[in-house]
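Enquirer: These are the residues of each chain, in order.
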Amino acid sequence: MRKYWWYIKTSIESSFIDRADILLYSLSLFTTPVIVLAVWLVINSGGTNTLMGYKELVIYFLANVLIKAATSSWIGKFIPGRIRRGEISALLLKPTSILSSWIANNIAEKVIKLALLLPAVLVTGYWLAVGFPNLNMGNWFLVILTTLLAGIIYFLLDVTIGLLAFWLDETRWVQDLFFMLESFFSGRIIPLALFTLFWKEIAMFTPFRYMLSLPLEILLGQLDSPRLFQAVSMQIGYLTLAIVLYKTTLRLGIRRYGASGA
Amino acid sequence: MRYLKIFSTFFRMNIIAEMEFRSNFIIRIISQFLFVGVQVAMIETYFGFTNNIGGWSRPEIFVLAGIFRLIEGGFHIFLYTNLMGLSDIVRTGELDMYLTKPVNTLFLLNVSRQQWYELSTFISGILFLIYFLPQQSLALWIMIFGLSFLGLVYLSSLILMFATLAFYMNRVSAISSIMDAISKISRFPLDIFGRAAAPLLLVATVPSRVILGKSGATDVAIQVFGSAALFCVAYIFWRHSLKRYSSASS
Chain A
1233 MRKYWWYIKT SIESSFIDRA DILLYSLSLF TTPVIVLAVW LVINSGGTNT LMGYKELVIY
1293 FLANVLIKAA TSSWIGKFIP GRIRRGEISA LLLKPTSILS SWIANNIAEK VIKLALLLPA
1353 VLVTGYWLAV GFPNLNMGNW FLVILTTLLA GIIYFLLDVT IGLLAFWLDE TRWVQDLFFM
1413 LESFFSGRII PLALFTLFWK EIAMFTPFRY MLSLPLEILL GQLDSPRLFQ AVSMQIGYLT
1473 LAIVLYKTTL RLGIRRYGAS GA
Chain B
47 MRYLKIFSTF FRMNIIAEME FRSNFIIRII SQFLFVGVQV AMIETYFGFT NNIGGWSRPE
107 IFVLAGIFRL IEGGFHIFLY TNLMGLSDIV RTGELDMYLT KPVNTLFLLN VSRQQWYELS
167 TFISGILFLI YFLPQQSLAL WIMIFGLSFL GLVYLSSLIL MFATLAFYMN RVSAISSIMD
227 AISKISRFPL DIFGRAAAPL LLVATVPSRV ILGKSGATDV AIQVFGSAAL FCVAYIFWRH
287 SLKRYSSASS
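Protein sequence lines correspond, in order, to chains A and B. Just so you know, we're using this note's numbering here: the first sequence kicks off at 1233 and counts up by one. Just so you know, we're using this note's numbering here: the second sequence kicks off at 47 and counts up by one.
No wet-lab data here; the hints were simulated from the structure. We put the CB at the ideal spot given by N, CA and C, even for glycine. There could be a bad hint or two in this list.
Straight-line C-alpha distance at most 30 Å; calculated BS3-like pairs for lysine-lysine [said to hold, decoys possible]: (1) B:K230 - A:K1342; (2) B:K230 - A:K1432; (3) B:K289 - A:K1287.
Simulated restraints on C-beta separations [claimed, not checked]: (4) A:K1326 - B:I73: 47 to 57 Å; (5) A:K1235 - B:Y291: 56 to 66 Å; (6) A:S1329 - B:T55: 38 to 48 Å; (7) A:G1318 - B:F53: 31 to 41 Å; (8) A:L1484 - B:T127: 49 to 59 Å; (9) B:T146 - A:W1372: 58 to 68 Å; (10) A:I1249 - B:A185: 48 to 58 Å; (11) B:I73 - A:P1458: 35 to 45 Å; (12) A:K1326 - B:M189: 55 to 65 Å; (13) B:I73 - A:A1347: 47 to 57 Å; (14) B:T127 - A:K1326: 24 to 34 Å.
One side only, chain A facing chain B, incomplete, derived with CB under 8 Å [unchecked claim]: (15) A1252; (16) Y1257; (17) S1260; (18) V1271; (19) Q1407; (20) M1412; (21) E1414; (22) F1416; (23) I1422; (24) A1425.
Starting from the given sequences, assemble the full structure and let the hints guide the process.
Expert: Shown next, in the form of structure tokens:
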């Protein structure tokens, strides 16, 4: 455990070296949902959306900023280069999991991003005159738990896609495809509650719902007990699948791996 | 003429490189069309709740999406990979190789890597416009390409300014995230937000407004002047920042 704490501590320290870069990241994370929120408010002002009112939309998109920052992962795009250059050998020789430094980097940058985004979200929420969501302790716990699980699923799928570089010369198209489907089916731009029945039914069975939308749905109280149980079970199912996929890809990939210079 | 020859050499090299991994090339084109499907689904969802977004009807929003895809396609073919990689080129000292060549460094940087599979983005934009523009004429298409080119100049200048921060910062990997945010935001008619969205109006909203006949000569003048001005600012910033470069070994 001390090793992991050391990893996180050094990652936070090194993240501060790139603080301007993280600030730019945070700015882009904040801007998109806020602009999309403004568009939805324009649509609502002259439209027929009775599914989500002003307060729900504002809470949804502001919470979207924080939950997206807490769940996203970016390591996948750096893994192919490390595999090709043979740098992954150094990670394989360490007495900790290959994931250790990546997890530490992920947590460290998320801590800094959340510290930057939280005040911005609170001020915007105050300015738009919406209070805190009215949830009981159990549901707050579920929001935090499902956010945590969503982050793990996202991270493992992102790493698994990066590990495809053991077989593929080019993995960016897989990442692009993944992020494109994620931006639609996760509820990042359009809340799943506003999807047509056709798209909603598809979204329920993709992993993307469980990588962002689920904690937001719980936060807004959109799920009754049976649907909540079903959704959390699905999320645990996808988490198990993500672990199996990661472990299998890594095991088979290492078997195939021939480091440059080795 | 010399620049055209350099461009055509890089064009040939990049096409050969793409053809070496033909399956990748084809899969990427297919995924680009899937992306179009997702974009259509998004627009249709908005219009499930309203007849217009801030005075823009469904076909007009599709025209805006088409114009943005032309601009985005052009940006991704020529500039995206090069500008995204600038931070690494500066940090590793690879920029030396570009600086020592007897051509404009910025030109060389921006033509060296081209992504021709992104031509599908450009083509999908044309298909949107063919399908959703109420009237078609040669003059209109000349205007479409002219204004889209100006939108591309504006977008490229904006991203170049962010990429140039590589001379001041240790790492500028957030640039892909910024481009992603601009790409998501610019698909909306930003004039509905008034001055708040002013920095991004000239990417696709103003060109689309002119093409749809929602505005006239004043907007064309604003687009021409705005794109030229931002390009000059970005270029001056680039030239100024280049002086800070001190290679990797010195």
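Enquirer: The structure should be examined with respect to each hint, and the outcome stated for every one.
Expert: Structure-based check of all given hints:
no. : hint                         : result
1   : B:K230 - A:K1342             : holds, 22 Å
2   : B:K230 - A:K1432             : holds, 21 Å
3   : B:K289 - A:K1287             : violated, 51 Å
4   : A:K1326 - B:I73: 47 to 57 Å  : violated, 34 Å
5   : A:K1235 - B:Y291: 56 to 66 Å : violated, 39 Å
6   : A:S1329 - B:T55: 38 to 48 Å  : holds, 46 Å
7   : A:G1318 - B:F53: 31 to 41 Å  : holds, 35 Å
8   : A:L1484 - B:T127: 49 to 59 Å : violated, 30 Å
9   : B:T146 - A:W1372: 58 to 68 Å : holds, 60 Å
10  : A:I1249 - B:A185: 48 to 58 Å : holds, 54 Å
11  : B:I73 - A:P1458: 35 to 45 Å  : holds, 40 Å
12  : A:K1326 - B:M189: 55 to 65 Å : holds, 60 Å
13  : B:I73 - A:A1347: 47 to 57 Å  : violated, 39 Å
14  : B:T127 - A:K1326: 24 to 34 Å : holds, 32 Å
15  : A1252                        : holds, 5 Å
16  : Y1257                        : holds, 4 Å
17  : S1260                        : holds, 4 Å
18  : V1271                        : holds, 5 Å
19  : Q1407                        : violated, 10 Å
20  : M1412                        : holds, 5 Å
21  : E1414                        : violated, 11 Å
22  : F1416                        : holds, 5 Å
23  : I1422                        : holds, 5 Å
24  : A1425                        : violated, 11 Å
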